[in-house]
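Listed here are the chains, written in short residue letters.
There are 2 protein chains.
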Amino acid sequence: MADRGTLTRRGLLVGIGAAGGAGAMYAAMGALGLAPSEQDKTFTPPRQGDFTLKGRGAAKVVILGAGVAGLTVAYELGKAGYDCTLLEASDRIGGRNLTLRGGDRLTELNGAAQDARFGEGVYFNAGPGRIAPWMVTMDYCRELGVPIETFVNSNASAYVHTEGRTVRNKTARADMYGYVAELLAKATHHRALDRRLTGEDRERLLEFLRRFGDLGPKLTYEGSERRGFTRYPGMDGGTALTSPAGLHEVLAAGVGRAITNDFGYDQATPMFQPVGGMDAIVTRLVEAVGRDRVRTGARVTKITDQAGSVTVTWEGGELTADYCVTTLPPHILAKIPHNLGALVTAALRTPVPVAAGKIGLEYGRRWWELEDRIYGGVTETDLDITHIWYPSYGYHSERGLLVGYYNSGEPAELYGALTPEDRRRRALTQGKKIHGEKYRAELLSSVSIAWERQPHLQGGWVRWPAFDSSFTLLQRPSGRVYFAGDWLTHLVAWQAGAMESARSTVTQLHRRVTASA
Amino acid sequence: MADRGTLTRRGLLVGIGAAGGAGAMYAAMGALGLAPSEQDKTFTPPRQGDFTLKGRGAAKVVILGAGVAGLTVAYELGKAGYDCTLLEASDRIGGRNLTLRGGDRLTELNGAAQDARFGEGVYFNAGPGRIAPWMVTMDYCRELGVPIETFVNSNASAYVHTEGRTVRNKTARADMYGYVAELLAKATHHRALDRRLTGEDRERLLEFLRRFGDLGPKLTYEGSERRGFTRYPGMDGGTALTSPAGLHEVLAAGVGRAITNDFGYDQATPMFQPVGGMDAIVTRLVEAVGRDRVRTGARVTKITDQAGSVTVTWEGGELTADYCVTTLPPHILAKIPHNLGALVTAALRTPVPVAAGKIGLEYGRRWWELEDRIYGGVTETDLDITHIWYPSYGYHSERGLLVGYYNSGEPAELYGALTPEDRRRRALTQGKKIHGEKYRAELLSSVSIAWERQPHLQGGWVRWPAFDSSFTLLQRPSGRVYFAGDWLTHLVAWQAGAMESARSTVTQLHRRVTASA
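So the sequences go chain by chain: A and B.
One rule links them: number in this note's numbering = place in the first sequence (from 1) + 818.
One rule links them: number in this note's numbering = place in the second sequence (from 1) + 818.
Possibly wrong hints are sitting among the right ones.
No copy labels: a pair is met if it fits in one copy or bridges any two.
As the list claims (entries may be wrong) - Below, computed lysine to any residue pairings styled on SDA-like, alpha-carbon distance capped at 25 Å: (1) K872 - M1053; (2) K1251 - T980; (3) K1251 - T1038; (4) K1036 - N1079; (5) K1036 - A1284; (6) K1153 - R1117; (7) K878 - T1131; (8) K878 - S1322; (9) K1036 - R1013; (10) K1004 - G1082; (11) K1153 - R1281; (12) K1251 - T1325; (13) K1036 - T1078; (14) K1036 - D1080; (15) K1004 - R1020; (16) K1256 - W952.
Derived by calculation from the structure, the hints in this document are not laboratory data.
With the hints as constraints, model all of the structure from the sequences given.
Structure, rendered in structure tokens:
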């Protein structure tokens, strides 16, 4: 969990239409108190990934937070006939699902404001940026009609910058695999592994190692075309990169994290992104739920669970509903007066908020494509910027936007404490070590975000010391109050977590309503 | 070279507009015999990847073959003022760059004709299908304004089918890497590698192996979440795939080729494709060159090199030009009467045509996305279908098209010898072993191509026994006749080869013209 891929709640407004979809229609029916009708009984979800509730409920539900978790709760409950109202503390909808474009303004808790000056078609996914194919987020994209495209998460041509040295990812990989293969081939030869391997096993292993490491006939690694070329093959065989560094140097370079980055089940190739920006998911969810169901600027000050209802108070209003679903981050919710008891408060205080930051660097020329031949993907570094992301959209267009850092924990706190200008300066100094002077000289504009400084969020995500009884306690309701959010799942920091949690909450709530009906 | 990625010449018509670009304008100027003007001197290529010729030439050039090589020659010569005419034996332009859509008809040498019945938006790249980022093809896409998108060449969720067993690519990889790491860690522990590794090296190597193989605390491989899940993490940690097979079984499965498929410099992640079909490259080249410069249905019967000119005869006509560039496949050209001498004929007979085939299978439902969670990428098999390609476009739309086989050499000859119906039947029988009954039951339509049976081509590409003197002989002109094509490069079977060869030929020809001017 140390090296998370995405962020997932609350933040700034995205452009939102108010046209209702099927979900909005069902929500409206619920709002009008219509009893289950013939039409309801024939309701079927449009696609496989859709979420089905059996029967219909007419209860009134107040949802705290209009991020992806809150919107998903409202969307799914709406389909089953519930009357939902969302209270959102911010002026904007979408939570951490935040895409910044030219003209957008980003304000932080310390008062610093940045104006995005990006050109037409350039966007910056300041929160979540990629989706794994097995995630429920993909199903929502399909169901909501959000077009998706490939997100390049792994790029053999991107760089690895460790210990002050920059090489292509493919070069680092070829060398490391080459030596690993050579060493194991040697050990096999010395019969050190006799007890594990039959003669047949050994032959098969050697055949694999030859291929895996691109070993020479003597089973030694002497470089490989896989490292890349200074001049690629064409009329002649080209000029392959000169011979590899020695084993000692290759091991000392510490490229392990970089070259195994796509091994994890959540980072494996390929990954995906909505066309035009991650906030397309929010836009379509809000369209389906109905914009008029979201009350923005409503900062909750009190939650009171009663015998037959819940009352939520905010600055300037109060609302009593049959149920409440709160999707606020646990450390924010813990500070709001409630009558849910000490155990709940203690549980809410257990997960630790984690700082996370990103900077979007816009250039007038896609030099990473033109000069470095890097089309999308990630450069991995041992610098405090951690990663540089190249855009997986707008290939060959004029302008383009890199993510100049995406870090969390300590380095994120370090950047977050700086002014936006100092963050940019530092990010450019670091990136320049990899890409040279153009990285600084050709910058057009930038915007940086420190999620721990975002109002009503104060963190990129949370870290649970353990998935213990506090975690499972909050997966269940306290009286008529339910909790939801990525922080209540094993997919912390992923939108899929927010959605999975929303579906779990909706299922529990609906079972209770239909059982008591 | 055994497992090639693309094909590159001659075939069927693509929809071609006749609107001229900058290239067409310069070509027209050359045709009018305009002397270099002020405007010419200030001519600069539109983008970095563009190809620059210094000075201008007004010679007349006849180009044989309107595939990618021929079109690129005409395009580049046109920019420098030459008057080019292309003679194409087929009724269609584009050569092996062939995209089939609903309504297209494909005819083979034995007379069999297939009509593509694909739905709206579905296409089948029957020839080249992917582009590596370092290839000059990318520059031409940029220069010609052909939009590109990611082609998923490697997919951890796709399958590996070997020895009758089907597993996910990520599962095969996790197990193989796990055991390799364990074995090497063990050997390191036994000090079998003492002479190679210092103590520090050993520590670093073990740290890498732990990460690389996801080894347990005792440096053994006991399975890994990287293998995948039967139920992915969400509200709980999910259910990871059960423990791996033993070392012996994993080695016996022979998954080496499949899991190292993206290691080569020409197959590394990411790769790219033109949006909407590969033939967008042909369409834009023809627009730039001018459709009226291409004479289709012109099968060349004789090439005569004279003292000051070249005469090309075809069925129904004859044309005398200052120079000729032939881009015909060597085995086709070798059969055409010419006066270029015995050495040229012998050289043309040296490369061996290779059979290559593909089948496009259209389904009414993208079950590979919905059920298998495979979005793009390739399933590798040891069956005669070799690969199954999943589409890297149209995600989440209704219909979709798989490439049900892409093979070359013997298996391609086997499929090519069958009727289209029998090819489909066989491809379905094989694919069903991986995907089950739906693979057969849900098929909507199909089209298959056997490149060795395509008129005027008679092969997918060629294999040079060695890049010897025959190869280099044909890289130079014979009198006033130049040769071009992917077959004259180290990028055989790639469009980039056709383009590189075209640029080399154009450079040589232009040097000669400007030197003699």
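Do the hints match the structure? See the list:
For a Cα distance limit of 25 Å, the shortest separation of K872 from M1053 across copies, 21 Å, qualifies, whereas the shortest one inside one copy, 66 Å, does not. Taking the shortest alpha-carbon separations for K1251 and T980, only the intra-copy value of 11 Å comes in at or below 25 Å, while the best inter-copy value is 45 Å. In the homo-oligomer, the alpha carbons of K1251 and T1038 never lie at most 25 Å apart, since the shortest distance is 33 Å inside one protomer and 38 Å across protomers. In this assembly of identical chains, K1036 and N1079 lie within 25 Å of each other by CA distance solely across copies; the values are 23 Å between and 31 Å within a copy.
Taking identical chains as interchangeable, the C-alpha atoms of K1036 and A1284 lie at most 25 Å apart only when they sit on different chains, with a minimum of 23 Å there against 50 Å within one chain. In this assembly of identical chains, the alpha carbons of K1153 and R1117 lie at most 25 Å apart only when taken from the same copy (12 Å versus 83 Å across copies). Proximity of K878 to T1131 under the C-alpha cut-off of 25 Å is restricted to the intra-copy arrangement: shortest distance 16 Å within a copy versus 84 Å between copies. With identical chains, the CA atoms of K878 and S1322 are at most 25 Å apart within one copy only, with a shortest distance of 18 Å there and 73 Å across copies.
Taking the shortest alpha-carbon separations for K1036 and R1013, both the intra-copy value of 24 Å and the inter-copy value of 18 Å come in at or below 25 Å. Taking identical chains as interchangeable, the C-alpha atoms of K1004 and G1082 lie at most 25 Å apart only when they sit on different chains, with a minimum of 24 Å there against 29 Å within one chain. For a Cα distance limit of 25 Å, the shortest separation of K1153 from R1281 inside one copy, 18 Å, qualifies, whereas the shortest one across copies, 72 Å, does not. Proximity of K1251 to T1325 under the C-alpha cut-off of 25 Å is found in neither arrangement, the shortest distances being 51 Å within a copy and 38 Å between copies.
Proximity of K1036 to T1078 under the C-alpha cut-off of 25 Å is restricted to the inter-copy arrangement: shortest distance 20 Å between copies versus 27 Å within a copy. Proximity of K1036 to D1080 under the C-alpha cut-off of 25 Å is restricted to the inter-copy arrangement: shortest distance 24 Å between copies versus 31 Å within a copy. For the homomeric pair K1004 and R1020, the shortest alpha-carbon distances inside one copy (11 Å) and between copies (15 Å) are both at most 25 Å. Proximity of K1256 to W952 under the C-alpha cut-off of 25 Å is restricted to the inter-copy arrangement: shortest distance 21 Å between copies versus 38 Å within a copy.
The structure does not agree with the numbered hints 3, 12 stated previously, though it agrees with the rest.
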